[in-house]
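**Student:** Assemble the complex: chain E is given as a structure, and chain X must be docked to it using the hints.
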Amino acid sequence: MLERIVQWARRKSPWVLHYNTGGCNGCDIEILDLLTPRYDVERLGILKEASPRHADVLLCTGPVTRQSRDRLRRIYEQIPAPKWVVAVGSCSCSGGVFHDGYDVLGGVDQVLPVDIYVPGCPCRPEAIIEGLVQLLGRIE
Amino acid sequence: MKYILLSPPVALCLFLALTYGIYKLGGALAAPGEEHPGKHLPYACGEDLLPPEAQLAYHAFFHLALLFGLLHLAALVLSTLPPAFTSNYVALAYLVGVGISVFVLTKGEL
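First to last, the sequence lines map onto chains E and X. So the first sequence is numbered by our numbering: it starts at 114 and just counts up by one. So the second sequence is numbered by our numbering: it starts at 75 and just counts up by one.
A portion of the hints provided could be inaccurate.
[What the hints assert, rightly or not] Within a straight-line C-alpha distance of at most 30 Å, the following computed DSSO-like cross-link-like pairs (lysine-lysine) qualify:
| hint | chain 1 | residue 1 | chain 2 | residue 2 |
| --- | --- | --- | --- | --- |
| 1 | E | K125 | X | K113 |
| 2 | E | K196 | E | K161 |
| 3 | E | K161 | X | K98 |
| 4 | X | K98 | X | K76 |
| 5 | E | K196 | X | K113 |
| 6 | E | K125 | X | K98 |
| 7 | E | K161 | X | K113 |
| 8 | E | K125 | E | K161 |
| 9 | E | K196 | E | K125 |
| 10 | X | K98 | E | K196 |
| 11 | X | K98 | X | K113 |
[Claimed, not checked] Just so you have them, the derived chain E footprint on chain X, three or more residues with Cβ under 8 Å:
| hint | region |
| --- | --- |
| 12 | 97-109 |
| 13 | 112-119 |
[To be verified] Quick list of simulated restraints, FRET-style, between CB atoms:
| hint | chain 1 | residue 1 | chain 2 | residue 2 | range |
| --- | --- | --- | --- | --- | --- |
| 14 | X | H137 | E | I142 | 52 to 58 Å |
| 15 | X | L103 | E | R179 | 36 to 42 Å |
| 16 | X | L179 | E | S164 | 40 to 46 Å |
| 17 | X | P116 | E | R124 | 26 to 32 Å |
Because the hints were derived from the structure by calculation, they are not lab data. All C-beta atoms, glycine included, are put in the ideal place defined by N, C-alpha and C.
With the rest of the complex left out, here is chain E (with noise of 0.2 Å):
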């Protein structure tokens, strides 16, 4: 019983860290975009948190550079358990564009677990809200 009610919270309240690994800022102004009026995504109970300690998933954009990976990688650990992680943008999935860069590693999933992929250059607001949905149902 105890632990229905402590999932149903999980669910009702996913808040997010969103952290750039190195990309151009388009799916930034994107995830952005969620918060807007438009698309209100904290109808949902999604809300964007400064911290990762307040934090239960992490929202990636851009491909993992070098000089990003530990960064990532600490942020993670950071965020308390349970945590799940969100691949924003078709850089973030697989590298997108820069996969062949000198200083790129590729996607996130070559650092942390992904929970989630949107693809999309840059991704609509729409999809990144159709990936949470997923995401609040395999929270579930």
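**Tutor:** Only chain X this time, still in chain E's reference frame:
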């Protein structure tokens, strides 16, 4: 009964027990976490937090604060002396003692 519950020691014990209960309940509900090297570091976007470039020094302010503190204390003591000790010499001796104390405290020696 009301006065017993509202007395500070009892209220403190009650709230300590309540806080401990909430803490243990939260710990029971939380998922077991894993220990990582960077887990307990301050959050700085994944980077190491650099120490401040300049340390503020309060040594000069300490002397001033000590002087004012002792002056206030001396004024309080002298103004609340019993009537039998209202002699100016007693007040003067006390102020001299305070002055010597300030000198020892700030300079560290006589």
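**Student:** If you check the beta carbons of H137 of chain X and I142 of chain E, does the distance land in 52 to 58 Å?
**Tutor:** 55 Å, holds
**Student:** Are the Cα atoms of K125 of chain E and K113 of chain X separated by 30 Å or less?
**Tutor:** Holds. K125 of chain E to K113 of chain X sits at ~26 Å (cutoff 30 Å).
**Student:** Does the alpha-carbon distance linking K196 of chain E and K113 of chain X stay inside the 30 Å limit?
**Tutor:** 14 Å, holds
**Student:** Given the hinted pair K196 of chain E and K161 of chain E, is their Cα-Cα distance within 30 Å?
**Tutor:** Measuring from Cα to Cα gives roughly 15 Å; hence the hint holds.
**Student:** Taking the CB of L179 of chain X and the CB of S164 of chain E, does the distance hold inside 40 to 46 Å?
**Tutor:** 43 Å, holds
**Student:** For the region 112-119 of chain X, does the count of residues with a C-beta closer than 8 Å to a C-beta of chain E reach 3?
**Tutor:** holds (count 5)
**Student:** Does K196 of chain E sit within 30 Å of K98 of chain X, going by the straight-line distance between their CA atoms?
**Tutor:** Since the Cα atoms of K98 of chain X and K196 of chain E sit roughly 22 Å apart, the hinted pair holds (cutoff 30 Å).
**Student:** Would the hint linking K161 of chain E and K98 of chain X be met if the CA-CA limit is 30 Å?
**Tutor:** Holds. K161 of chain E to K98 of chain X sits at ~28 Å (cutoff 30 Å).
**Student:** At least three residues with a C-beta closer than 8 Å to a C-beta of chain E: is that true for the region 97-109 of chain X?
**Tutor:** Per the Cβ count (6), the hint holds.
**Student:** For the pair supplied as a hint, K125 of chain E and K161 of chain E, is the alpha-carbon distance within the 30 Å limit?
**Tutor:** 14 Å, holds
**Student:** Hint check: K98 of chain X vs K113 of chain X, CA-CA at most 30 Å. Holds or violated?
**Tutor:** 21 Å, holds
**Student:** Holds or violated: are the alpha carbons of K196 of chain E and K125 of chain E at most 30 Å from each other?
**Tutor:** 15 Å, holds
Violated hints are absent here; each numbered hint is respected by the structure.
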